[in-house]
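K.L.:
Chain by chain, the residues run as shown.
Number of protein chains: 2
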Amino acid sequence: MTDATTMLAPPPVDDEPAIAERIAKSVSCADGKVLGLDEFHRWFAACAERNYTAVERVPLDELTGWATHPVTGNIVHDSGKFFTVEGLDVRLPDAAVPSWTQPIINQPEIGILGILVKEFDGVLHCLMQAKVEPGNRNGVQLSPTVQATRSNYTRVHQGKPVPYLEYFRDRSDDRRVVADVRQSEQGSWFHHKRNRNMIIEVSSEVEVLDGFCWLSLGQVHALLHEEDVVNMDARTVLSCLPFAGAPDSSRMRDLLAWITEARTRNDVYADRIPLNEVTGWQRDGTSIRHESGKFFNVIGVDVRAGGREVRRWCQPMIEPIGIGVVGMLVKRIDGVLHCLMHARVEPGYVDVVELAPTVQCTPENYTVLPAAAHPPFLGEILGAGPARIKYDNLLSEEGGRFHHALNRYVAVETGIDVPPEQFQEYRWVSLPQLTDLLRHSHYVNIQARSIVACLHSLQGTANR
Amino acid sequence: MTDATTMLAPPPVDDEPAIAERIAKSVSCADGKVLGLDEFHRWFAACAERNYTAVERVPLDELTGWATHPVTGNIVHDSGKFFTVEGLDVRLPDAAVPSWTQPIINQPEIGILGILVKEFDGVLHCLMQAKVEPGNRNGVQLSPTVQATRSNYTRVHQGKPVPYLEYFRDRSDDRRVVADVRQSEQGSWFHHKRNRNMIIEVSSEVEVLDGFCWLSLGQVHALLHEEDVVNMDARTVLSCLPFAGAPDSSRMRDLLAWITEARTRNDVYADRIPLNEVTGWQRDGTSIRHESGKFFNVIGVDVRAGGREVRRWCQPMIEPIGIGVVGMLVKRIDGVLHCLMHARVEPGYVDVVELAPTVQCTPENYTVLPAAAHPPFLGEILGAGPARIKYDNLLSEEGGRFHHALNRYVAVETGIDVPPEQFQEYRWVSLPQLTDLLRHSHYVNIQARSIVACLHSLQGTANR
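Chains as they are written, first to last, in the working numbering: chain S, 309 to 772; chain P, 309 to 772.
Keep in mind the hints are simulated off the structure, nothing from the lab.
Among the hints, a few may not be true.
Facing chain S, according to a computed beta carbon distance under 8 angstroms, are these residues of chain P, among others [what the hints assert, rightly or not]:
1. T572
2. D659
3. A679
Just so we're clear, the structure is a prediction, and the values are computed from it rather than from any experiment.
In this text, a Cβ means the ideal position worked out from N, Cα and C, and glycines have one as well.
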């Protein structure tokens with residue numbers, strides 16, 4: 309037998325710090341090398357004028373191209389593709405609300421959310437898109453280069469090809485992967501939904517099509533501070549950037565053990581059921597509503613989208629009731645920004661628990677829920693004065709499935725103590741630890757990814 | 309707004325290298341500080357004499373405590389706990405065998421596989437157990453400190469308490485987590501089965517009960533070279549040790565992107581169905597067999613286990629047909645040992661694909677499968693001469709569910725080239741990369757974890 313010890317020599321030099329440095333350089337490039345922010349705003353306003361959607365509510369029973377299955381009551385597209393609205397039977401034996409049923413979107417296809425990046429004058433820029441979605445209250449939002457379901461890019465709806473898709477589907481010598489990880493989406497509204505979050509760097513020339521522009525990370529970060537400009541898909545992809553700061557690996561081990569413990573402690577049974585077996589929800593031909601009037605409605609819309617190509621389609625959408633609060637308590641520990649993460653169960657998650665922001669709720673829903681279900685720390689967040697508020701903005705969830713789904717995203721610096729024995733579902737997690745977790749699926753939920761992207765944006769705004 | 313840049317200072321000093329060094333020290337401690345290997349063998353033989361199982365085959369329909377559900381045909385324990393034998397309907401649209409149905413074990417409970425470690429004379433030792441399982445062909449095998457389903461430790465079967473369980477369930481100042489991660493088990497026989505793999509270090513005194521002993525990692529590694537001594541549960545826990553060698557992070561990023569790609573490329577639909585809707589399998593009152601006579605049987609056993617406490621119970625088991633081959637091609641790249649991993653789909657996995665050894669098959673099954681389903685590289689492994697064979701041993705799978713499930717585990721050094729364009733499902737992955745992946749669930753399958761544990765054992769045998 310040969311000397312096996314020599315088989316375990318250290319690996320060669322790593323180029324990861326180089327990427328992290330280049331990301332930091334782009335973050336600190338406040339006004340870009342291609343298009344200044346003033347110019348961007350004129351361009352964006354012009355895009356908004358050229359691209360519009362007219363969204364009209366129509367009864368669920370009258371959605372062209374969609375049908376209600378005669379046996380299950382599920383709402384299904386005639387092609388069998390896109391997504392279906394089904395029922396979910398949820399049991400959480402140890403929770404304050406131990407069981408319920410609800411409508412849920414089942415979209416098994418894994419789509420691509422991709423941002424193409426390229427250096428200009430030695431600074432990385434992102435190819436961003438001014439994209440209109442039917443659920444956006446303001447029409448156009450800043451979106452990733454590519455935002456496509458598999459039905460989109462295999463062209464089930466016979467539309468034009470998805471621009472720039474080839475950069476994310478085909479490998480070539482002029483491209484390198486900066487990030488490529490499937491991440492979950494809203495576990496209260498989707499069953500096992502995942503999208504592939506990709507960042508691809510290209511070194512060769514790229515043609516800039518109408519509706520696209522190159523922005524530095526510093527510029528995108530500035531736009532994250534404007535109301536409802538950067539869409540959810542862009543935010544989740546941005547959160548997956550390999551920012552600097554390797555986490556302490558023994559603390560990482562303790563964090564992973566805490567997640568394992570939370571996933572073992574919580575029993576979740578979430579079974580898909582026919583939509584017509586859902587109880588507590590009222591369905592007429594027009595919509596599906598919870599009998600309390602809270603949570604969300606399932607509605608139908610007829611969409612006319614204009615721009616270079618006029619398209620018209622109908623689809624069901626989820627319309628949340630009320631504006632949500634996504635609140636993160638933050639604190640410096642040994643100089644490093646930490647977030648108070650919540651190991652949160654949502655019925656649509658693939659793996660029981662994901663790390664959520666400290667608070668993620670729609671306050672008015674709690675009027676119909678038991679007191680034990682009320683979120684801790686909500687008062688600490690809503691009661692914070694301006695000096696403690698590090699970030700505060702209204703942002704939308706995905707406009708392709710959700711109708712006017714608005715959340716107030718807020719980060720509040722706190723001095724409170726969170727004793728682990730009292731709050732076993734909560735834990736201080738550093739930004740570098742979150743960056744490390746975000747290399748993998750199923751750890752950090754979509755709302756947390758949004759606010760993490762916003763927290764990274766604070767780096768460029770130190771002097772504001 | 310305060311200066312957010314200072315929030316991102318580097319974290320404090322890491323103690324991870326210290327743990328890796330202490331593991332290496334224990335690996336190089338060939339004969340332990342507590343019990344020499346000769347003494348161990350005498351002790352182990354004495355345990356085997358005191359602890360026995362008498363396993364008698366009984367018809368499935370006559371299993372005391374189990375019943376066949378009148379509607380579904382599922383085989384269910386009277387308590388509703390432990391596990392059930394159900395059916396699975398599998399569709400893999402792009403695979404050589406695109407669809408089939410099969411019996412499968414559904415065991416949603418997450419059990420604990422835990423090894424307690426403690427320093428003696430400055431060297432870490434593992435508290436190992438001589439444990440008998442009904443499916444073991446040789447009675448007693450070397451097992452983790454704790455090996456318990458939740459039904460075990462919540463005492464559904466009214467047995468005695470599980471010894472040492474408190475070290476894995478309760479935190480205290482004299483204990484620290486070395487590893488704690490849920491890992492999958494056989495995805496061809498289990499639906500979404502996961503166990504919690506835990507390694508806990510204790511600093512206080514520990515009473516050594518009958519049937520337990522302290523061994524250094526060097527000793528456990530030596531025993532991994534003896535035929536069928538170290539059981540599957542011990543091997544999977546050992547594979548999760550945080551061995552030395554941080555992987556290159558840009559290569560890690562490429563590896564994760566390749567896994568994302570494999571998980572996106574493969575569509576897997578695996579739906580639980582009633583056992584009596586499974587086709588191609590013959591069920592009489594005695595057993596369930598595939599009509600080809602291949603793959604596996606579901607059988608019933610009546611077990612009498614003796615030792616300090618005599619217990620008797622009946623249960624269904626899976627009895628594989630034939631001896632499997634678990635083969636890993638290995639190669640040094642830049643001096644580091646790499647394994648040729650296979651991104652393998654198994655229907656019972658939670659997340660589509662896990663990394664499997666180069667070859668994992670029962671050769672005789674392929675007489676009834678299409679040629680395209682035959683495993684590549686099997687010839688390279690079975691045809692290797694002794695100089696290229698780095699590890700070669702017969703080891704068992706879990707004796708609690710599987711009856712005489714034997715695999716030949718073999719690692720072969722190779723010089724062959726594996727062009728990625730020709731073998732997109734295969735990739736060279738270094739041992740440090742596998743160690744890094746093993747901090748997380750759903751990446752490295754049970755067979756690969758076994759052989760990874762064996763490859764680590766080569767470190768201590770350099771001079772053999």
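K.L.:
Each hint needs a verdict: does it hold in this structure or not?
P.N.:
Now for the hints, and whether the structure bears them out:
1. For T572/P, the interface hint holds, since its Cβ comes within 8 angstroms of a Cβ in chain S; the closest pair sits about 5 angstroms apart.
2. Proximity of D659/P to chain S holds as hinted, the smallest CB-CB distance being about 7 angstroms (cut-off 8 angstroms).
3. Look at A679/P: its Cβ only gets to about 29 angstroms from chain S, farther than 8 angstroms, so that hint breaks.
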